Amino acid sequence: MTALAYRDIVHGFDGRPVLDGVSLQVRQGEFVCLLGPSGCGKTTLLRLAAGLEIVQSGSISLDEHVVASKQLHVPPEQRSIGLMFQDYALFPHLTVMENILFGLGQGERSAINKGRAIWARNMLARFGLTKLADHYPGTLSGGEQQRVALLRALAPNPPVLLLDEPFSSLDAARRIEMREETAKLIREAGTSAIMVTHDGEEAMFMADRIKVMNKGRIVQSGKPEDIYLKPKSAFVASLFGHANRFCETVNKGYVQTPLGRFKAGDLSEGATACVFIRPEGVIPFEGDEETGEARNAEVVSSHYLGIASHVHLRGKSLVDGASITFHAQRSGRYLPRIGSRTNYRVDPAHVFVFGKEDGGEQE
Amino acid sequence: MRSAGAAILGFTNRLYRQLDGWTLIALLIALLVAVPLLAVLWLAFSPSGDIWSHLASTVLPHYISTSLLLMLGVGIGVSLIGTGTAWLTTTYQFPGVRVFEWALLLPLAVPAYIIAYIYTDILEYAGPVQGALRDLMGWKSAKDYWFPEIRSLGGAIIMMVLTLYPYVYLLARSSFLEQSTAVLEAGRVLGRGPWRSFVELALPLARPAIVVGVSLALMETLNDFGTVDFFAVQTFTAGIYDVWLNMNNIAGAAQLAIVMMLFVFALIAIERLARKGRRFDSVTGRTGSHRQQLMGWQGLVALGICLVPVLLGFVIPALVLLKHSINFYELSFEAGFLTHAWHSLLISTIVALVSVALGLLLAYGVRLSGTNLMKSASRLASIGYAVPGSVLAVGILIPLTSLDHGLNSLSKDLFGFGTGLLLSGTMFALVYGYTTRFMALSHGSVEAGLARITPNMEGAARSLGATRGQTLRRIHLPLLRGSLLTAALIVFVDSMKELPMTMLLRPFNFETLATHAHQYASDELFEEAALGSLAIVLAGIIPVILLSRAIAGRGKESQS
Amino acid sequence: MKSVLLAIGFGAVALTSLSGIVRAAGEVNLYSYRQPFLIKPMLAQFTKQSGIKVNIVYAKKGMLERIKAEGESTPADAVLTTDVGRLSDMVDAGVLAPVKSTILDAAVPAQYRHPDGLWFAQTTRARILFASKERVKPGEVTSYEDLADPKMKGRICIRSGKHLYNISLLASMIAHKGEAGAEKWLRGLKANLARRPQGNDRAQARAVYEGVCDIGIANTYYMGKMETNEKKPEQKKWAASVNILFPNQGDRGTHVNISGAAVLKFSKNKENAVKLLEYLVSDSAQKIYAEQNFEYPVNASVPISPIVKAWGSFKADNINLALVSKYRAQAAKMVDRVGFDQ
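Sequences listed follow chains A, B and C, in order. Heads up, the first sequence is in our numbering, so the first residue is 1 and it goes up one at a time. Heads up, the second sequence is in our numbering, so the first residue is 1 and it goes up one at a time. Heads up, the third sequence is in our numbering, so the first residue is 1 and it goes up one at a time.
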């Protein structure tokens, strides 16, 4: 069962194209993340589904029924889609409880609505917000507001929930906590969801499937680990943090980079290939023999990040012996003295080779 | 490549979908308000002879320069006083600040031409000021000393500033109240003193509101005739009336009025252009703001700054009016006086409600459709305020009587008897006229209020199942309460003062307080006019206080 | 939403019916350029005598446009004006009805009514000079022309050149002296002004009293109003400081203007309207004009007020007023050309 489907959506504002032929399906109960930089059209996709934008070309269906196309525009209030805004858009003149119950409409006495009101109270209790039920949103902290906005969107029990960068205004610690709570709540409710984010790690954490968007197109979609480990383009690879990047000419099926020689894949002879090596693919180690002089570098700086340590190295290029700097990573605490020398090796699992046309060019 | 046909199909398709109920209503309202202006435009297309070459070679440069100087003076004056007092009363604690919060609005209730009479009386040669000076200094006649001429451009500027600054005060104050204190605190932390925080942060943030206030004041300056005529200042508007009534050339007059409208249009466009790309909406409230206590002489200076406009713009004129009202009571309190007052209150209340309702529907419709066509239509609907009242009144007469004639002949054909004039010359004509004139006030206020509500708010409501009507009722109306009240009360106070349209469009034997006062004032029987004017001023006080309460209430709400 | 529309619709109906059109028999509907408080005593007496109720709309700007726009549906029956110019405009616009009435023809001298009976004057007022008793020697000024003499430099006060009364005076100068002659005169007058044109006619007497200037130009009846003002006794002092001079007694006579009335072409109560016009020139109405407003009644059988009589009799300029009003637009442009008000 497809809960929400976009077909060939083309969209623009004032002649400026925003979406360029997007199709995507969300299955019943599935959690999909739209991952991409700001301005790539993610938010517009959500607004189209919610009915806040009018479809210019293509169509959108909910539960296999078309709700928006060139000829048809079902107004937002008739779509039963939950939408959570980046700025929450809580109604400042209504209390927390009134905000949450807003979507239940006027017939609050009906059995269903009564049930949902009880649900809302339980949810507030679960989040420890019971005593804030009669407060106005202006007095709430960011995390509290985020929870209220989530509960408000979920209260009418929508089959599909859209979340627009829901954690962007929270601090890092609160963000991780809220990710878990939100994911849990949505899965419990059995609601299908699309969440928009520009944070690759967040997408990996939340999503059943990730759709990577760039310049109004979906450039890759798949399970989180596929996106991470098998990026189809430099653009996708770069969404998960800064990488070492080298562009060279393909020679006899290989590319020679300052950090080593890698298979050029199906790139043709003489083409320019760009090689991405994630920092976690360059691993410093103590020891000697096999790498020799060539795989030895000087420590420029090092930072302990908790789970891993990030090291900035300076070594000689394996191409021409020139001095180059690059990023490396090692798990655990690893803080060598600045100026000391270390060996390193390159893990091919974190090396990606792209042709120039695949976005090897710097963004 | 899409074919042209497909493109057109696509366009009509979009148009069809945009023409839903809300858009249609908004379009209809914009049209209704624009019709009188179109009628003026229509008048302008009849032949006007050599009027332009005559004017251009004689008085036009003078009219233009006088009008520009007048606008410049009034613009600077209302900006300084309006913004300054608004900033003082929102940021600082000083003696009397709670009273000034509402008292600063009171001059709004005093018609500018009345204030002009009063100060001419006080300041001219025979008045108490110069009399006392002569006694004191032993001067014998006007030739012995110099005293500033009150009947002058400068005098007109001062009179208009005194009665019009409340527009700026009102809008600037609500903008200051809504500004996030965090922004100002950030400024302080970054090393800006209170003055520079005000100039570099608070002022630019409040700029759209201040601009709206100033442009309302300037439009009223442009359409004013009473004050400039009394002071013998030849503005563009004086020129319009001269061409119309003395040269019997209504086409030429309409052309001048259109030029004036275009000028206002251009001014507004320039301002918008200058602001382009910068949006200042902040939805956070003035959280945790504390008024800063002004000590000693600083408190007294603040008190003085706020006292002067209230004293000059309201207290002195009201006292003079009171004195004359008592002295000339039996002359001016004629049998129908209470009826006149009832007419004024009734029509002002109806107009306030109607124009706020229409202004809300128009602004909301424009917001929903969001097309440039609709935006332009709503701008056009707001420009009527700049047109001299009598000219706009003729613009009302033409379409209304045409409609009446159509109904009349239709009725004759169908039922064998005519209906005569159903609409023109009735209260309906007055309500229509006033609404056209004051749409700028109500629509502007509502539009500004709507702009402060993030579109996500209605997105949230819609996705939660509320229709657009329900969203308006459950989300926008409560959030707009302050703006709507402001709009209603400004329109009410202005309707109480309205004169030229009432004169021309009214039914038989229909007097308002303004026309009652005017019949005496037009004969320079100022004392007999005092009672009517005082009643207008008193009727204006109550809404002004209510308005101020509402604004203060809004401030508190966003603090909670 | 529906309820809002409904309310607006309902309101509209209520408004139109609330002040429905007055068109019952036994009424006459008046469009007046004159302030109601000035004519109410007369109209009340008319109603008492005839049983005909008078309804008024008082307006100055746009009245003619209203009559034209209303066309044949106009509810108005008659108009009252304070100046011949407005009447001429209405004649030109073709909105007036000819009236044949022996009473009117008998009471109103021929030069004070339209040849076809399109309008009739009720009163005349002369445009005279307020001359300072102290500073203007007898015989120093005897004509409008004298006001343009360089010897009067800095001694004259006048209201705006664009005011109806001054436009009318200037139009009569054009009629008599031709455009060039009138313009020369206006420039001379402008050069002699003590201050920028301002205020009303009363204010010119006040200026003379205050020593700002020696001669003010004004309509006669303002003198009467100042002389008898018990509420504002200072105005008596202004009046007492000036003599009234009737210009051009040696030649064409003093410029006079009229207040007049006319019946509208599409009047539904023409009979009543004619009755009103006849009443306005009757002895009792003319007496009110004379004694309360200090105007000169057109009906010769009605004596002028003793106060007005005290100013002396004068010779009026007998030029055709309809002709004079043809020069009004020219006069207004001349005021612009000369920069009279600047």
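By construction, these hints were calculated from the structure, which means they are not laboratory data. Incorrect hints may have been included.
As a list, the in silico DSSO-like pairs of lysine-lysine whose alpha-carbon atoms are at most 30 Å apart [claimed, not checked]:
{"hint": "1", "chain 1": "C", "residue 1": "K40", "chain 2": "B", "residue 2": "K323"}
{"hint": "2", "chain 1": "B", "residue 1": "K323", "chain 2": "C", "residue 2": "K236"}
{"hint": "3", "chain 1": "C", "residue 1": "K265", "chain 2": "B", "residue 2": "K323"}
{"hint": "4", "chain 1": "C", "residue 1": "K48", "chain 2": "C", "residue 2": "K236"}
{"hint": "5", "chain 1": "C", "residue 1": "K270", "chain 2": "C", "residue 2": "K68"}
{"hint": "6", "chain 1": "C", "residue 1": "K268", "chain 2": "B", "residue 2": "K140"}
{"hint": "7", "chain 1": "B", "residue 1": "K375", "chain 2": "B", "residue 2": "K140"}
{"hint": "8", "chain 1": "C", "residue 1": "K61", "chain 2": "C", "residue 2": "K237"}
{"hint": "9", "chain 1": "C", "residue 1": "K61", "chain 2": "C", "residue 2": "K40"}
{"hint": "10", "chain 1": "B", "residue 1": "K143", "chain 2": "C", "residue 2": "K40"}
{"hint": "11", "chain 1": "B", "residue 1": "K143", "chain 2": "C", "residue 2": "K232"}
{"hint": "12", "chain 1": "B", "residue 1": "K143", "chain 2": "C", "residue 2": "K48"}
{"hint": "13", "chain 1": "C", "residue 1": "K153", "chain 2": "B", "residue 2": "K143"}
{"hint": "14", "chain 1": "B", "residue 1": "K323", "chain 2": "C", "residue 2": "K225"}
{"hint": "15", "chain 1": "C", "residue 1": "K137", "chain 2": "B", "residue 2": "K143"}
{"hint": "16", "chain 1": "B", "residue 1": "K140", "chain 2": "C", "residue 2": "K61"}
{"hint": "17", "chain 1": "C", "residue 1": "K61", "chain 2": "C", "residue 2": "K268"}
{"hint": "18", "chain 1": "A", "residue 1": "K230", "chain 2": "A", "residue 2": "K215"}
{"hint": "19", "chain 1": "B", "residue 1": "K412", "chain 2": "C", "residue 2": "K53"}
{"hint": "20", "chain 1": "A", "residue 1": "K70", "chain 2": "B", "residue 2": "K140"}
{"hint": "21", "chain 1": "C", "residue 1": "K232", "chain 2": "B", "residue 2": "K140"}
{"hint": "22", "chain 1": "A", "residue 1": "K356", "chain 2": "A", "residue 2": "K215"}
Below, a sample of chain B positions facing chain A; criterion: calculated Cβ distance under 8 Å [to be verified]:
{"hint": "23", "residue": "S53"}
{"hint": "24", "residue": "S57"}
{"hint": "25", "residue": "M457"}
{"hint": "26", "residue": "G459"}
{"hint": "27", "residue": "L479"}
Only a predicted model underlies this, so the values are computations on that prediction, with no experimental measurement involved. We put the CB at the ideal spot given by N, CA and C, even for glycine.
**Item:** Hint check, failures only
**Value:** Violated hints (numbers, rising): 3, 4, 6, 7, 8, 10, 12, 16, 20, 23 and 24; every other hint is consistent with the structure.
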